[in-house]
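K.L.:
Letter by letter, the chains look like this.
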Amino acid sequence: MSEHQISVTVNGRPLHGQVESRVSLGDFLRIDGGYTGVHLGCEHGVCGACTVIVDGKAVRSCLMLAVQADGSDVTTAEGLAEPDGTLHPVQQTMREEHALQCGFCTPGVVMTLAALTAGDARPTEEALIGALSGHICRCTGYQGIRRAAKRLAADAGARAGEVA
Amino acid sequence: MKPAPFDYVAPTTIAEACAILDEAGGGATVIAGGQTLMPLLNLRMSQPFILVDINKIPELQGITKETGFTRVGPVTRQCDVLTNADLARDLPVLVQAVRHVGHHQTRNRGTVGGSIALGEPAAELPATSVALGAMIEVSSVRGTRQVAAHDFYLGPYMTMLEPDELVTAIRFPDWPANHITLFREVAQRPGDFALVGVVGALAIEGGAIARAGIAWFGMGPTPIKARQAEAALIGQSLDSIDPAAIAALALADTAPFDDHHATAEYRRTVGKRIFASTLGAILTLGEAA
Numbered sequence: 034m035s036e037h038q039i040s041v042t043v044n045g046r047p048l049h050g051q052v053e054s055r056v057s058l059g060d061f062l063r064i065d066g067g068y069t070g071v072h073l074g075c076e077h078g079v080c081g082a083c084t085v086i087v088d089g090k091a092v093r094s095c096l097m098l099a100v101q102a103d104g105s106d107v108t109t110a111e112g113l114a115e116p117d118g119t120l121h122p123v124q125q126t127m128r129e130e131h132a133l134q135c136g137f138c139t140p141g142v143v144m145t146l147a148a149l150t151a152g153d154a155r156p157t158e159e160a161l162i163g164a165l166s167g168h169i170c171r172c173t174g175y176q177g178i179r180r181a182a183k184r185l186a187a188d189a190g191a192r193a194g195e196v197a
Numbered sequence: 043m044k045p046a047p048f049d050y051v052a053p054t055t056i057a058e059a060c061a062i063l064d065e066a067g068g069g070a071t072v073i074a075g076g077q078t079l080m081p082l083l084n085l086r087m088s089q090p091f092i093l094v095d096i097n098k099i100p101e102l103q104g105i106t107k108e109t110g111f112t113r114v115g116p117v118t119r120q121c122d123v124l125t126n127a128d129l130a131r132d133l134p135v136l137v138q139a140v141r142h143v144g145h146h147q148t149r150n151r152g153t154v155g156g157s158i159a160l161g162e163p164a165a166e167l168p169a170t171s172v173a174l175g176a177m178i179e180v181s182s183v184r185g186t187r188q189v190a191a192h193d194f195y196l197g198p199y200m201t202m203l204e205p206d207e208l209v210t211a212i213r214f215p216d217w218p219a220n221h222i223t224l225f226r227e228v229a230q231r232p233g234d235f236a237l238v239g240v241v242g243a244l245a246i247e248g249g250a251i252a253r254a255g256i257a258w259f260g261m262g263p264t265p266i267k268a269r270q271a272e273a274a275l276i277g278q279s280l281d282s283i284d285p286a287a288i289a290a291l292a293l294a295d296t297a298p299f300d301d302h303h304a305t306a307e308y309r310r311t312v313g314k315r316i317f318a319s320t321l322g323a324i325l326t327l328g329e330a331a
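Taken in sequence, the protein lines are chains A and B.
Okay, so the first sequence: first residue is 34 according to the numbering used here, each after it adds one.
Okay, so the second sequence: first residue is 43 according to the numbering used here, each after it adds one.
Think of the hints as simulated: they come from the structure by calculation, not from any bench.
Just so you know, nobody snuck in bad clues.
Per label pair, the in silico range of CB-to-CB distance:
no.: 1; chain 1: A; residue 1: 75; chain 2: B; residue 2: 65; range: 29 to 37 Å
no.: 2; chain 1: B; residue 1: 91; chain 2: A; residue 2: 134; range: 40 to 48 Å
no.: 3; chain 1: B; residue 1: 248; chain 2: A; residue 2: 75; range: 50 to 58 Å
Computed cross-link-like contacts, BS3-like style, restricted to lysine-lysine with a CA-CA straight-line distance of at most 30 Å:
no.: 4; chain 1: A; residue 1: 90; chain 2: A; residue 2: 183
no.: 5; chain 1: A; residue 1: 90; chain 2: B; residue 2: 107
no.: 6; chain 1: A; residue 1: 90; chain 2: B; residue 2: 98
no.: 7; chain 1: A; residue 1: 90; chain 2: B; residue 2: 44
no.: 8; chain 1: B; residue 1: 98; chain 2: B; residue 2: 44
Just so you know, these numbers come straight off a predicted model, no measurement behind them.
We put the beta carbon where it would ideally sit given N, CA and C, even for glycine.
Work the whole structure out from these sequences, hints included.
P.N.:
What follows is the structure, given as C-alpha cells:
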C-alpha cells in the first residue's frame, strides 16, 4: 500500500496532502480539503453527484484517484460563486428555474453545466440535456433541471449573437 | 465501497510499464481512464496488489494516420475522439459509436483502449474494432504482437491479453472515402450498455458492395462478427439486397443470452429488426449517393 505526496489546486487555492493510493479524488476533496460540496453518492460512477471540474472537464471524482489528480486544477461547487456571494450564472439559473429539491445531486449537475458553458463555449440545448443523462436526481426533479439547461443554452446562444 | 489497499505506480514509458507487469506476475492491473475499473475496485470485485497507471506514457496517446491504417493510442480519451476531424472523415462509425459510450462525464476520462482491452460484450468499442477489422497491438517484455480484434475476445471480460501484456495501440485499417456506415443500438437509457447493437461499414464500388465489416454487441459472450452476412453482401449490387434475408444470416452467427435486462428471444427479435431496418436505410442512402 503506497502513500503519495500530492498537490492539487482547488478553486484557485493549493491543497497538499499525503494520500493512500486507494483514496478517490472525491474523498480527498471532502476529507482533506473540507470541500463538502462534493457529494459522494453511488461511488461507482452512475449517479453523478460527485462530478467536479478537473483541468476544465467535468469528471466523476469517485472514479479518479487523488494521486492521479496530482498537479491538476480542480473546481468544486464551492468555487463557482463570486467571493461577495454573487451566484455563478448556472447557480442563478438553477435557482430561478427551481432546479433543485433536496439538493444532493445539485453540485454535480451544477459542475457539469458550468464546465460545458464555461468561457465562450456555445453548447447546444441538445448537448446540455444530453450531458444531464450522467446525473440521477432521486427526487425526480428533472423538469426544473431541464428548464435550467435549456435557458443556459439559449443564453449562450444569445451571447454568441452579441459577439457576432 | 472503498477499494482494498494497493500500490500505485505511474510509469512514463511502455518499457517501464511492461517491466512492472512482468515483475508483478499477474498481481498488477492496468488503469487507463478507470471508468469501469474504478467501480470494480470500489466494489472490491477487483483487488490488485499493484495498480499500473498508464496515463503518463506519452507513446500511448494520440491519433496518427499511417500508411494503410489509423493508429489510435489506447489512452486516447473518448471525448477527444468526438472532436477529432480526421476520425470524423476517415472512421465516422468510430465517432458514432463513442457517442454512445457512457456519459459526457465518463467520456472525459474514459479511453478507447480501456474499453477495447476490457471486452465487455455489450460495449460499443470492442464491437466497432471487430467490425472495422482493427488490429490490437499488444506489448510485453517478451515482445510486441498484433492480434486481430475478432480473435482478441474470448468471453465476457476475457481476452487474449496475458497478465504481463499491455495494449499499446489500436490500428483501424483504412476504409474507402465513400464507405457507408451502420450503427444502431437499443439500450434502456442513454449511457447504458446496449441490450442489442449492431455496427459496421460497407465499401461500395460500381454500385456493388466490395467490402463489408459488421459486428454485433450484446448478442453473445463477445462482440460477434456477422461473417455470414458479410460474405453474402460482398459482390451484391445495392438494389438487389434483401435486408431481411441478410439480417437472418447475421442472426445465425449470434448467441444471445437471458439476463435480468432482456431475454435471448427479445435480443434475437429486436436484433433482427434493427439490423434489417438499419441496413435498409443505409442502402437507400448509398444508392442516392
